[in-house]
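Quick note on numbering: the sequence shown equals residues 220 to 507 in the numbering used here.
The set of hints was computed from the structure by calculation and includes no laboratory data. Keep in mind that a hint or two might mislead.
Unchecked claim - Below are the DSS-like pairs computed for lysine-lysine, each with C-alpha atoms no more than 27 Å apart in a straight line:
| id | residue 1 | residue 2 |
| --- | --- | --- |
| 1 | K233 | K460 |
| 2 | K233 | K303 |
| 3 | K224 | K284 |
| 4 | K375 | K363 |
| 5 | K284 | K375 |
| 6 | K356 | K233 |
| 7 | K284 | K233 |
| 8 | K356 | K303 |
| 9 | K233 | K363 |
| 10 | K356 | K460 |
| 11 | K284 | K363 |
| 12 | K224 | K356 |
Predicted, not measured: the structure shown is a model, and the values here were computed from it.
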Amino acid sequence: MQNMKIGLIQLGLKTSTDLEPEAIRDAMNEAHLPMIQQAADQGVQVLCFQEVFNQPYFCPSQDGKWYAAAERVPEGPTCQMMQKLAAEHRMVIIVPVYEETETGVYYNTAAVFDADGSYLGKYHKTHIPQVAGFWEKFFFKPGKSNWPVFDTAYGKIGVYICYDRHFPEGWRALALNGAEVIFNPSATVAGLSQYLWELEQPASAAANGCFIAAINRVGTEAPWNIGDFYGSSYIVNPRGKIEAQASETEDELLVHEIDLDMVREVRNNWQFFRDRRPETYTRLTDGE
């Protein structure tokens with residue numbers, strides 16, 4: 220039996236958004252430290268935070284102030300901190316941050332550090348929404364990461380970020396590239412999309428024979444107050460069954476151990492990958 224113990228941290232914003240982004244970053248990084256230690260004490264092997272975990276979800280605005288929240292990856296202060304903690308705790312850490320790759324070019328990014336602290340690479344959010352309350356194209360360039368899968372000390376993992384989850388093609392691409400567990404750090408509020416939270420990702424887990432770990436923040440964030448971030452982070456297995464779930468309202472470290480052997484078992488039972496007909500799907504990529 221090959222097991223992986225996963226930790227997911229959902230956390231409300233701990234400062235006023237009136238502060239400068241650097242001060243918010245430092246306060247949020249500090250707020251995560253006790254929960255990272257708890258994860259280590261519980262033997263967590265792979266830990267993931269929520270989307271842009273150390274800042275507010277600033278996309279209801281179109282305020283250039285928030286460009287100052289962006290950091291370099293992996294050279295920036297947050298990644299350097301998490302890289303050291305990964306090595307100290309022998310823990311894989313997925314770090315979703317706002318990234319500046321060059322002056323004026325910004326991505327919604329997740330950096331991945333292995334259990335020895337080595338930097339394995341990053342994923343850039345592929346699908347970027349631009350609708351009322353979610354003006355993400357003002358802040359993020361669409362990514363084109365070629366669906367990286369990270370071969371960590373504890374298993375093969377992929378990352379898909381928030382709005383990406385509405386697009387089944389990326390789940391499939393990550394699974395085809397070998398991902399056994401796919402992490403989806405998010406910032407999702409109650410309302411239009413909440414009914415999809417426990418629909419799309421279990422369906423994608425079943426369709427691709429993999430585990431999915433979904434992370435969402437909690438609370439409200441002034442001055443935008445676009446709704447309640449409803450938490451409910453969870454881990455779903457390759458049969459589409461949610462095995463563990465956090466609360467809707469509380470800061471929480473969700474810890475759960477999964478059986479990676481289920482990936483092979485389910486894929487052998489269903490043989491979806493064998494029975495795919497990609498040569499018949501060219502309409503999906505041939506044009507608009």
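Right, here's what the structure says about each hint:
1. A threshold of 27 Å between alpha carbons decides the hint, and for K233 with K460 the separation of about 33 Å lies outside it, so the pair is violated.
2. With a C-alpha separation of about 23 Å, the suggested pair K233 and K303 falls inside the 27 Å cut-off, and the hint holds.
3. Restraint check for K224 and K284: the C-alpha separation of about 38 Å exceeds 27 Å, so the hint is violated.
4. A distance of roughly 20 Å separates the Cα atoms of K375 and K363; the hinted pair therefore holds under the 27 Å criterion.
5. A hinted pair counts as satisfied when its Cα atoms are at most 27 Å apart, and K284 with K375 does not qualify at roughly 37 Å.
6. Distance restraint check for K356 and K233: the Cα-Cα separation of roughly 26 Å lies within the 27 Å cut-off, and the hinted pair is therefore satisfied.
7. The suggested pairing of K284 with K233 holds, with an alpha-carbon distance near 19 Å, which does not exceed 27 Å.
8. Among the hinted pairs, K356 with K303 is inconsistent with the structure: their alpha-carbon atoms are about 32 Å apart, more than 27 Å.
9. Annotation: proposed proximity of K233 to K363 is violated, straight-line Cα distance about 32 Å (limit 27 Å).
10. For the proposed pair K356 and K460, the alpha carbon gap of about 34 Å is over 27 Å, so the pair is violated.
11. Restraint check for K284 and K363: the C-alpha separation of about 26 Å stays at or below 27 Å, so the hint holds.
12. For the proposed pair K224 and K356, the alpha carbon gap of about 35 Å is over 27 Å, so the pair is violated.
When each numbered hint is compared with the structure, violations occur for hints 1, 3, 5, 8, 9, 10, 12.
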